[in-house]
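**Q** This is what each chain is made of:
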Amino acid sequence: MAAPLSVEVEFGGGAELLFDGIKKHQVTLPGQEEPWDIRNLLVWIKKNLLKERPELFIQGDSVRPGILVLINDADWELLGELDYQLQDQDSVLFISTLHGG
Amino acid sequence: PLPVPPATLHAPPSAVRRPRSGQALYGACFCAAFKAEVLHTVLAGRLLPPGTVVAVGASGGKDSTVLVHVLRALVLRLGISLQLVAVDEGIGGYRDAALAAVRRQAARWDLPFTILAYEDLFRGLTDAVVRCTAGSSRSRYCCTFCGELRRAHRAGATDITVLMNFLRGDAGRLARGGGLGSPGERGALPRCRPLQFALQKEVVLYAHFRRLDYFSEECVYAPEAFRGHARDLLKRLEAARPSAVLDLVHSAERLALAPSARPPRPGACSRCGALASRALCQACALLDGLNRGRPRLTIGKGRRGLDEICFCDPSAPNITSQPAF
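These protein sequence lines map, in sequence, to chains A and B.
Just so you know, we're using the UniProt record's numbering here: the first sequence kicks off at 1 and counts up by one.
Just so you know, we're using the UniProt record's numbering here: the second sequence kicks off at 1 and counts up by one.
Any given hint could be a false lead.
Among chain A residues calculated to face chain B with C-beta under 7 Å, some are [unchecked claim]:
id: 1; residue: 9
id: 2; residue: 10
id: 3; residue: 13
id: 4; residue: 66
id: 5; residue: 75
Across the chosen pairs, the derived CB separations fall in these ranges [as the list claims (entries may be wrong)]:
id: 6; chain 1: A; residue 1: 47; chain 2: B; residue 2: 189; range: 33 to 41 Å
id: 7; chain 1: B; residue 1: 21; chain 2: A; residue 2: 54; range: 28 to 36 Å
id: 8; chain 1: B; residue 1: 169; chain 2: A; residue 2: 33; range: 17 to 25 Å
Some residues of chain A that are not near chain B, with every Cβ distance over 10 Å (derived) [stated by the list, open to error]:
id: 9; residue: 1
id: 10; residue: 2
id: 11; residue: 33
id: 12; residue: 50
id: 13; residue: 51
id: 14; residue: 65
id: 15; residue: 70
id: 16; residue: 77
id: 17; residue: 78
id: 18; residue: 96
Hint data in this document are derived by calculation from the structure and do not stem from the laboratory.
Even glycine gets a Cβ: it sits at the ideal position worked out from N, Cα and C.
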């Protein structure tokens, strides 16, 4: 049983274009049976925030390759990736690396 | 080295896991390591000797933004001076915002800044190509022109090029490609790529931790470009095998062609003097095609080694070509 959580979801590197161009989103995740991990956050984002072209952000149950995920400014690879359990006031940043340099 | 915290605890401040080594570093340490590696690339390859005046091709994008930031931090160490050069391809909307980002960088970092416009170099190029090559192939041809005249800063960008050359059967390019840069022969400007070995993930993270302002929208013609398909394939390969990016470039550099596939010894373009394996270099040949109303001149050789020319387009505008280099 997961309590409601207040988290900041941020998009950068061009990923924000899929979210109406808005970079920072303050979201309240409702209390639910399932834990609020990144896996479930992605499902929530797809359902509630993603405005277009879901395949450019999500692939399977994870992010599309080329999208970096930082949780509180730390690489999600150090934190268990999809299994990381979100805490209240966490900040999750999705940066696309896919646009030209 | 950082201990890896369990999934349920908060992370230490700004931390990164480097793709090649799997090493975990704090953000500031990562940026220092990244900068040190670029310095090593420059020193080991003798790319920028003391006294060099360095013009960085700045698109406003992440690679050139990071390159300028790193080089700026190394200016005293290397004894070089730095300038920004941006190219305005005339792609409406997209390029204006990107150039604005470069202008901000030039102002913030107090660097001399020059803009070269395709309009001035090759009158009326990009959008004119779009106008006169109608139909579903239009975007592809437009990207062909731009791709011929641009250069990448990073291996991860050049390795897409390597993959594209494989897919197009362009043995000549594969044989010529690779290397950290060209020393500059026959009056051509010497070029180098200090970011040759930098990974895309690390460039983005460096820019993030250093709070660098870069432009990251997609070129309006990109969705239909062939390059995108090659990039997608490479991204999926990289997810399965992180070293795929550099290994591909490594393979291409070590490719030995069969005698029948070897390109002719390069001479000089009869128009601009650049290195060319035929009478005209690719850039002049492209512009020639536009001039003579044959904008669908296809780049490269077909499988049978023949130049592929589709058909005359009588509605093509009269484009003048005045290549500057």
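**Q** All hints, please: hold or fail.
**A** So, going through the hints one by one against the coordinates:
1. Using the Cβ-Cβ criterion of 7 Å, the hint placing residue 9/A at the interface with chain B is not satisfied: the shortest such distance is roughly 16 Å.
2. Interface restraint check: residue 10/A against chain B, minimum CB-CB distance 11 Å, threshold 7 Å, status violated.
3. The criterion of a C-beta within 7 Å of any C-beta in chain B is met by residue 13/A, whose closest approach is roughly 5 Å, and the hint holds.
4. Given the 7 Å rule on beta carbons, the hint for residue 66/A holds: about 5 Å separates it from the nearest Cβ of chain B.
5. With a cut of 7 Å, the hint placing residue 75/A at the interface with chain B holds, because the nearest CB-to-CB distance is about 5 Å.
6. About 52 Å separates the C-beta atoms of residue 47/A and residue 189/B, a value inconsistent with the hinted range of 33 to 41 Å.
7. Against the hinted window of 28 to 36 Å, the Cβ-Cβ separation of residue 21/B and residue 54/A comes to about 33 Å, which satisfies the hint.
8. Distance hint check: the CB atoms of residue 169/B and residue 33/A are about 55 Å apart, inconsistent with the given range 17 to 25 Å.
9. Interface exclusion of residue 1/A from chain B stands, the closest Cβ pair being 16 Å apart, more than 10 Å.
10. Its beta-carbon lying about 12 Å from the closest one in chain B, residue 2/A satisfies the requirement of being farther than 10 Å from that chain.
11. For residue 33/A, the condition that its CB be more than 10 Å from all CB atoms of chain B holds, with the nearest at approximately 18 Å.
12. Every C-beta of chain B lies more than 10 Å from that of residue 50/A, the closest at about 17 Å, which supports listing it as non-interface.
13. Every CB of chain B is more than 10 Å from the CB of residue 51/A (nearest about 16 Å), matching its label as outside the interface.
14. At the 10 Å boundary, the C-beta of residue 65/A falls inside the reach of chain B, the nearest C-beta of that chain being 4 Å off.
15. The Cβ of residue 70/A sits about 7 Å from the closest Cβ of chain B, inside the 10 Å cut-off, so the non-interface label is violated.
16. The Cβ of residue 77/A does not lie farther than 10 Å from every Cβ of chain B; its closest approach is about 4 Å, which violates its non-interface assignment.
17. Listed as outside the interface, residue 78/A is inconsistent with that label: its C-beta sits roughly 5 Å from the nearest C-beta of chain B, within the 10 Å cut-off.
18. The Cβ of residue 96/A does not lie farther than 10 Å from every Cβ of chain B; its closest approach is about 7 Å, which violates its non-interface assignment.
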